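Quick mapping for you: the protein sequence lines, in order, are chains W and F. Here the first sequence is numbered in this note's numbering, starting from -2 and rising by one per residue. Here the second sequence is numbered in this note's numbering, starting from 67 and rising by one per residue.
Calculated from the structure, these hints are not laboratory results. These figures come from a predicted structure and were not determined experimentally. Ideal Cβ positions, reconstructed from N, Cα and C, are used throughout, including at glycine. Treat the hints with caution; some may be incorrect.
[Stated by the list, open to error] Listed next, the stretches of chain F that the computed footprint assigns to chain W, with coverage defined by at least 3 CB atoms under 8 Å from CB atoms of chain W:
#1 92 to 106
#2 146 to 157
#3 186 to 195
#4 245 to 255
#5 343 to 350
[What the hints assert, rightly or not] The calculated DSS-like cross-link candidates involving lysine-lysine, where the alpha carbons are at most 30 Å apart (straight line), are:
#6 K50/W - K306/F
#7 K189/F - K16/W
#8 K307/F - K50/W
#9 K307/F - K115/W
#10 K192/F - K16/W
#11 K196/F - K279/F
#12 K189/F - K117/W
#13 K220/W - K117/W
#14 K220/W - K196/F
#15 K115/W - K220/W
#16 K16/W - K196/F
#17 K279/F - K16/W
#18 K279/F - K192/F
#19 K306/F - K220/W
#20 K50/W - K68/W
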Amino acid sequence: MSSTTNSAPAKRRSISYAKWGYFFIAPFVLVFIVCTFIPLVSTFYNSLFENYKEGLTVVGPNFVGFDNFVKLFTPRADGRLEILNYTVNTMTMWIMGAIPQIVFALLLAVIFTSERLKIKGQGFFKTVIYMPNLIMASAFAMLFFQIFSDVGPINQIITANGDKAFLFFNNEWSAKSIIAFINFLMWFGNTTILLMAGIMGIDQSLFEAASIDGANSSQVFFKITLPLLMPILIYVVITALIGGLQMFDVPQIITNGTGNPDQTTKTLVMALNGQINGNTRNFGMAGALSVILFIITGILSFIVFRSTEPKKEGKKK
Amino acid sequence: MANASVNKRNGQMEYFDKTKTTSLLVSRIVSYIFLVFVTVLSLFSFYLLIINASRSNAQLQAGFSLLPREHFIDNLVTAWNDTSIFFLPQGILNSFIVSAITCILTAYFSAMTAYGICVYDFKGNKAIHKFIILVMMIPTQVSALGFIQLVNQFNLTNTYWPLVIPAIAAPATYFYMKQYIDSTLPLEIVEAARVDGSNEFRTFNFICLPILKPALAVQMIFAFVGSWNNFFTPALIISKKELMTLPIMLSIVRSRIGSQAGDMGEVYMIILLAIVPVVIVYLFLSKFIIGGVTLGSVKG
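With the sequences and hints as input, model every part of the structure.
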């Protein structure tokens, strides 16, 4: 992108400096192999074994092939396929939180970086919006559980008018909305900071040129800001998706691990946690669930990346 | 207000300019309303937390209120001196050690890896980049089972090694640094440093790293907060009282809630104390981001 003039010497130099690349990436690659890749493989290996506790006796590990997966995809007696429900729950709650999160963050980032608006007290606003992210998810969950509990402040207001208390955590959509809202509240400031850094990275002279040419603010946003912000925006969406698939703390604590009402707020990781830490310590099933989670992430990341792969790579030396 | 009067005074102003000024005023007002709304939204939970931390257990059981009460210091003393199952000051120190090391390792090594990929055209460069992006999506929980088994094998349970070492390989941070370097680091700088006889490692540490400061600050905050609030991995590795980090302590406190002995006032105070240090670190580092991020050195 920047060095078109000296591409000829760059060619020659690439021979002598290229090996330094290995030195720079070595720590990352080494740690990744030991701390993520090997554990990943051994988790998958676990999925092929029958290994759980029944009371005090440990069953297995015995090799059972794909039995764990077959069990995972066998619908219950009432015809419900639990793994599908958990996936749908996770994605529904993620989308419910992520849409307002990205819309708010984009708006805020544009407001803060606008040369035209010249917002006063920016430092204060920027500092404040990120603060919800500092609160532990468990603390947030406890707070909101109190606010919306059957005898909480919201219901005190409702019952004060003589109405019957609304049991927020007994209704699928109110429970999901509360969880999604907590996720939105925790993460929109984080997203704003990332997008702001991205907008600030855009060459300011482009904005100046646009305003001299008489472009209005929506033109500037859609023709300059948004296209140039794309790499960072993609990053934001992907990391939000990773976070969403890992959704665990908030629903776990709000529903006390049950995923109620009627398992409609149970996420994939809650199910995984239940297999690892539950009474049965079903490592085989936990392994199988991990593989499924892995495949789902794989499909999603493939979809995102197919639409985002940059067309041109910058010149390198 | 000032804008409106200015607008009135310049009556002869061309119609085009006039609508422009009015629309600017409107969008400014709308922006401020939106910002105030967002501020209230953000601070509300902190307010609730402080209010709840200032109320005694009996007051909390009696019902909800938006007004602070007089038990703030009582709760503070109880929480700080509670040694029944853990010691809070120790927990704050432990969390600080783990989070500080984690955020430095994450930021430094992610920048180093991204620099390696962006600046050098070695064999397998693109393949490694693609691979890291692919694995970026893998949630940590997916490999948790295998990771715990590995930690057990090496007898590293109840140490901080399994908590800080994985921070060196943070794919998401790498990706951000890569995007940032691509758009802001002029390769001429590396070139110029070479001409001046600087070795590659030195160029990275003393010339390029300072240019990446804004991105480093952002990622350090994220890594610090992430590690500070991390519950999943530490809970599987740390069981010794002296080594516990704050989220583990919080989970212990939470399990008391149902029981008769549970003092909710103390619980809220512990949550508050667990958040205060990270707020301080945040306020300190946020200056980096907010205090005007000017990018690039030979840009344009």
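Going down the list of hints, with the structure as the test:
For a cut-off of 8 Å, the count of residues in the segment 92 to 106 of chain F with a CB near a CB of chain W stands at 8, and the three-residue condition holds. Under the rule that three or more residues need a Cβ within less than 8 Å of chain W, the assignment of the segment 146 to 157 of chain F is violated, with 0 such residues. Here's how the segment 186 to 195 of chain F fares: 7 of its residues keep a CB closer than 8 Å to some CB of chain W, so the rule of at least three is met and the hint holds. Coverage of the segment 245 to 255 of chain F by chain W holds [criterion: at least 3 residues with CB-CB distance below 8 Å; count 8].
Restraint check on the segment 343 to 350 of chain F versus chain W: 4 residues with Cβ-Cβ distances below 8 Å, three needed, restraint holds. For the suggested pair K50/W and K306/F, the alpha carbons sit about 25 Å apart, so the restraint of at most 30 Å is met. For the suggested pair K189/F and K16/W, the alpha carbons sit about 9 Å apart, so the restraint of at most 30 Å is met. Proximity of K307/F to K50/W is assessed by CA-CA distance (about 27 Å); at most 30 Å being required, the pair is judged to hold.
At most 30 Å may separate the alpha-carbon atoms for a hinted pair to count; K307/F and K115/W exceed this at roughly 51 Å. Between K192/F and K16/W the alpha-carbon distance is near 15 Å, which keeps this suggested pair within the 30 Å criterion. The suggested pairing of K196/F with K279/F holds, with an alpha-carbon distance near 25 Å, which does not exceed 30 Å. Of the supplied pair hints, the one linking K189/F and K117/W is violated, its CA atoms being roughly 50 Å apart against a limit of 30 Å.
In summary, the hint linking K220/W to K117/W is supported, as the alpha carbons are separated by about 26 Å, within the 30 Å threshold. Proposed proximity of K220/W and K196/F is supported: the alpha carbons are some 29 Å apart, at most 30 Å. This hinted pair checks out: K115/W and K220/W have alpha carbons roughly 21 Å apart, not beyond 30 Å. For the hint linking K16/W to K196/F, the alpha-carbon distance of about 19 Å falls within 30 Å, and the restraint holds.
Pair hint K279/F plus K16/W holds up; C-alpha atoms about 26 Å apart against a cutoff of 30 Å. Pair hint K279/F plus K192/F holds up; C-alpha atoms about 25 Å apart against a cutoff of 30 Å. For the given pair, K306/F sits about 56 Å from K220/W by alpha-carbon distance, which is inconsistent with the 30 Å threshold. Between K50/W and K68/W the CA atoms are separated by roughly 17 Å; this keeps the pair inside 30 Å, and the hint holds.
In summary, the structure is inconsistent with hints 2, 9, 12 and 19 from the numbered list given earlier, while agreeing with the others.
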